[in-house]
Amino acid sequence: MAVGGKRRWWWKRRAAVVAGVTIAVSVWLGSHCYFRRENMAKAEEALVSMCEERARMIQDQFAVSVNHVHALAILISTFYYQKQPPALDQETFAYYTAKTAFERPLLNGVAYAERIIHSQREIFETRQGWTIMTMKREPSPMQDEYAPVIYSQETVSYIEAIDMMSGEEDRENILRARATGKAVLTKPFRLLESNHLGVVLTFPVYRSGLPEDATVEQRVEATAGYLGGAFDVESLVENLLRQLAGNQDITINVYDITNASEPLIMYGPQIPEGYMPLSHVSMLDFGDPFRKHQMHCRYREKPPLPLSAITTPFGIFVIIMLGGYIVFAAKNHYDNVKEDCRKMEELKVQAEAADVAKSQFLATVSHEIRTPMNGVLGMLDMLLDTDLNLTQKDYAQTAQVCGKALISLINEVLDRAKIEAGKLEIEAVPFDLRSILDDVISLFSSKSREKGIELAVFVSDKVPEVVTGDPGRFRQIITNLVGNSVKFTERGHIFVQVHLADNSDLGADEKVYSGLNGLSQSEKVQIMSDCTFDTLSGFEAADTRNNWENFKLLLSDEMILPEASTSDKEPDIVTLIVRVEDTGIGIPLCAQDRVFTPFMQADSSTSRNYGGTGIGLSITKCLVELMGGQINFISRPNVGSTFTFTAVFKRCNKDAIADTKRTLSEALPTGFRGMKAFIVDGKPVRNAVTRYHLKRLGIAVEVANTVKMMLNSLTRQNSNFRTGRQPYIILIEKDSWYTGMDVYLHNQLLLLKQNDCVLELPKIILLVTCEYDKMSTGSLVDTVINKPLRASTVAACLQQVLGMEKQQKKELSNGPTNLRNLLAGKNILVIDDNKVNLRVAASALKKYGARVECAESGKDALSLLQLPHKFDACFMDVQMPEMDGFEATRQIRLMESKENEQISIGGASRGEDSMIVEWHLPILAMTADVIQATYEECLKCGMDGYVSKPFEEQQLFQAVAKFLVSKPSSDS
Amino acid sequence: MSLMALREQLNVLVNSMFLEGLLDQQFRQLQMLQDASSPGFVAEVITLFCEDSERMLTELTKLLDQAVVDYQKVDAYVHQLKGSSSSVGAQNVKLACIQFKQFCEENNKEGCLSALNMVKHQYYSLRSKFDTMLQLEQRIQAYGSEQQN
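Heads up: the sequence lines are chains A and B, in that order.
Here the first sequence is numbered in UniProt numbering, starting from 1 and rising by one per residue.
Here the second sequence is numbered in UniProt numbering, starting from 1 and rising by one per residue.
FYI, nobody ran anything at the bench for these hints, they're computed from the structure.
Please note that the accuracy of each hint is not assured.
Said to hold, decoys possible - On the chain A side, residues computed to face chain B include the following (Cβ under 8 Å): (1) ASN834; (2) ASN837; (3) ARG839; (4) VAL840; (5) LYS847; (6) ARG851; (7) GLN879; (8) PRO881; (9) MET883.
What the hints assert, rightly or not - Now the stretches of chain B that chain A is said to cover, found in silico as 3 or more residues with beta-carbon under 8 Å: (10) 47-57; (11) 73-81.
Note that beta-carbon positions come from the ideal geometry of N, C-alpha and C, so glycine has one too.
Whole structure, please, built from the sequences with the hints as guidance.
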């Protein structure tokens with residue numbers, strides 16, 4: 001196809017070239033012809049005008065001559081015939097005519113012949129003294145009449161005595177002349193003597209008394225003689241024309257065309273010459289109506305072609321060719337560019353497709369690997385449970401660790417691939433940021449304890465409790481960063497802070513990045529490495545903005561404006577700044593610019609020492625960007641790194657907060673509100689963290705730097721107002737503790753009690769970072785809390801110490817008996833299209849004492865559940881033909897909400913709303929595949945929970961307990 | 001044969017089935033559900049399961065015989081079969097069903113056919129054991145009623 005297209009294209013191009021050339025040539029030819037024709041027309045015009053000019057001139061001259069001959073005729077008739085004796089003789093005539101010859105330029109001579117009747121010949125001859133001769137110079141034979149020349153101009157004196165009637169031409173002329181009374185001309189013939197072509201003009205001379213309208217007979221009768229002249233046309237015309245301009249260019253032929261079929265030449269070459277195609281014919285009127293004359297003019301040579309007729313078309317031709325070439329070249333170029341562009345597009349599409357394919361391939365492969373890997377890991381787990389000797393166990397454990405590492409790597413690759421394929425979507429669900437942070441912290445708690453690193457979280461009070469965003473991804477980001485930090489930190493601390501973006505800037509403004517990453521600081525580091533810094537652990541952090549000065553600023557800011565910010569109309573968007581600060585090995589300067597590039601670690605030795613693939617940070621970056629934030633970091637080798645990222649969340653409205661708080665994670669116990677606690681901690685940042693956790697539990701906090709200060713302040717306070725308030729708790733950092741402290745403290749406190757400063761002995765809690773710290777605590781300490789601190793662990797500890805263990809706890813020690821209690825006597829509907837499942841589920845529930853009814857489809861269930869019904873709960877299979885569990889649930893909920901509306905309306909009118917029980921049947925999904933998506937789908941369509949099939953006692957209990965215990969009265 | 005011997009035989013049979021991987025924990029759950037109030041519970045469930053499974057296997061065979069296979073229908077049946085087998089604790093059948101389901105999702109006819117054969121094979125081998133088990137149960141019950149008489 002491409003070849004065909006190319007050929008077609010080639011042909012097209014060829015045709016275009018041919019067409020272009022053809023057009024150019026035709027334009028060239030056309031313009032050339034035009035110029036030629038124009039030139040010809042001009043030449044013809046010139047010819048016509050020249051011809052007409054000559055014709056007119058000859059005619060005029062001729063007319064002049066004829067007129068003069070006419071005058072001569074009058075002269076003769078006057079002086080010869082009307083004078084007696086005649087006053088004219090040969091001498092006078094010759095003299096006169098010679099003198100007036102200039103008047104007749106075309107006549108080379110005139111002569112007068114008298115009309116002699118034969119009867120008068122004798123007399124005439126004797127009178128003249130000569131005999132009448134013929135043209136041949138012989139004595140004339142006898143004729144009817146004669147016309148002998150009696151007077152002649154000197155130039156033609158040779159014709160004296162010759163009878164003009166003897167020449168045939170002359171005779172005809174004479175006869176015609178006397179009949180018409182006008183000048184007549186002969187046809188051209190060779191003249192005597194000169195042998196030139198010429199014509200003879202004959203003019204009759206009448207005796208007087210001839211009337212104007214005389215008849216031919218009268219004229220003939222009155223004829224006295226004939227005046228004649230010879231026009232030597234050839235030489236005369238020659239002379240005449242010579243006087244005119246342009247004589248050389250044209251040839252002229254004069255014809256006598258009296259006999260139209262046989263024109264007689266009068267002037268010019270016998271065979272017409274010159275440029276034949278262009279000629280002009282002018283009629284000549286010599287005054288003789290019998291004779292007709294024509295003048296033919298033509299150029300001697302073909303009129304020359306003007307140079308412009310060649311150059312101009314050639315110029316046009318060249319211009320057209322050039323223009324055509326330009327168009328052609330442009331078109332060619334355009335085609336080429338277009339072709340290139342198309343190829344580029346193709347390549348681009350291919351490249352994009354390849355990229356997508358790559359990501360998809362990665363995703364698929366990762367997924368495919370994950371499945372068998374799960375099997376491998378599971379088997380390893382099982383293998384580890386069996387009896388193994390030590391070596392085997394070691395091998396198996398190693399294999400398991402490797403497998404887990406592989407799985408986590410695959411998960412990361414999968415994430416990365418998903419992000420690249422654009423398949424990763426950010427959720428928007430309300431979540432509690434603080435509890436997520438606590439969870440992450442607890443993930444790493446064992447590691448941090450092992451290493452003896454302080455791990456702490458601090459969330460600014462201004463950060464809303466519940467925000468809308470993607471908790472999973474947020475957790476992943478934090479986990480990645482903290483995980484990295486834990487990996488690369490051997491001493492010091494890891495500190496996670498969350499602030500609102502706008503007020504976090506307050507502290508950051510003055511200190512810019514300059515020099516933070518630079519080497520200039522490294523010397524200082526060495527000098528200062530002995531002193532302690534105002535950071536969480538006292539080690540220096542890379543980002544000096546995180547030291548106590550700024551932190552204090554942030555805190556004080558919060559103290560000052562806690563109300564102002566909440567009372568204001570809050571924006572919908574919450575931008576958080578999260579800092580993860582560690583005092584680890586830092587990132588080498590040379591590697592800092594490729595930290596976020598996938599599979600790039602600081603250097604190859606890193607992966608040997610610390611493991612990992614280096615994909616985590618790139619994923620983190622992607623995730624942060626997906627969440628509308630930015631990530632950057634400040635790092636100094638051997639000092640530590642601080643990663644800072646922003647994340648944009650939506651603020652939840654109040655109702656949603658209340659809702660989610662109920663359902664989200666474990667709510668913190670509320671029993672501590674109003675309690676007071678003392679923190680003894682010399683490090684301000686650290687005690688701020690501790691304070692934060694206690695505040696979350698609702699405990700009022702006071703801070704003292706040392707135990708002594710604490711005791712002092714206790715004394716002072718309680719002497720002022722000794723209210724029997726909640727028991728004091730004293731939390732003491734390990735730093736402020738030393739051996740024997742417990743005894744001292746105990747004594748002091750006892751003393752205080754005796755002085756009535758405290759009503760009860762405060763509980764003493766020690767905060768430790770490392771496991772081994774526990775050992776050195778004294779016996780008088782009530783309990784020890786292992787860092788990292790989490791609100792929930794602190795709460796658990798406090799409950800334990802204060803003896804506040806809740807009765808709830810007992811319930812957790814449930815069992816079949818409990819389940820039996822819960823389910824006994826309850827009406828439960830089980831819906832499943834699979835009879836076997838139905839039977840099993842039903843009997844399982846029956847076993848716990850429930851009264852079970854079964855339905856085999858969603859529709860049956862709907863008809864059974866028409867309100868009002870007796871059921872306390874409903875177990876619904878998710879996947880059913882016709883109407884699946886989700887749809888059925890939606891229908892049920894719809895029914896209920898309608899009913900509830902009616903009830904509430906009715907109830908309100910009756911004013912007994914307290915008695916009203918809202919219809920809400922607990923619906924639990926039964927599903928074999930317990931994956932998150934299904935669970936979410938369940939909640940979305942209004943289900944209350946799910947249990948996996950086949951039933952597991954524990955899970956069943958948990959699911960059922962939520963509903964059947966919480967409102968037992970309404971159910972029974 | 002004494003009642004004890006019969007019980008012993010039944011136990012041996014069930015245990016061997018466990019060992020072979022034909023059954024899993026779920027079957028134990030079923031056995032636990034059977035008590036004085038519902039003496040024939042296990043037998044009932046097994047009968048139900050067999051009836052159900054055979055019906056579905058016939059349907060599946062029919063569906064896969066067609067030139068154009070309606071994979072959605074096939075999937076629905078396989079899902080049901082999987083559900084009931086997991087309820088009964090028929091581990092091998094369940095695993096075969098999972099395999100089947102995968103082929104079905106890939107619209108892989110070859111795979112489906114072989115998977116169906118696998119399921120059938122597993123089912124029939126289980127079925128024969130179940131038959132023995134049911135006979136034993138019946139005899140035990142008959143014994144029990146005789147004794148009562």
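Against the structure, the hints come out as follows:
{"no.": "1", "hint": "ASN834", "in the structure": "holds, 5 Å"}
{"no.": "2", "hint": "ASN837", "in the structure": "holds, 4 Å"}
{"no.": "3", "hint": "ARG839", "in the structure": "holds, 5 Å"}
{"no.": "4", "hint": "VAL840", "in the structure": "holds, 4 Å"}
{"no.": "5", "hint": "LYS847", "in the structure": "holds, 5 Å"}
{"no.": "6", "hint": "ARG851", "in the structure": "violated, 13 Å"}
{"no.": "7", "hint": "GLN879", "in the structure": "holds, 6 Å"}
{"no.": "8", "hint": "PRO881", "in the structure": "holds, 6 Å"}
{"no.": "9", "hint": "MET883", "in the structure": "violated, 13 Å"}
{"no.": "10", "hint": "47-57", "in the structure": "holds (count 3)"}
{"no.": "11", "hint": "73-81", "in the structure": "holds (count 3)"}
Comparing the model with each earlier hint shows violations of hints 6 and 9; every other hint is respected.
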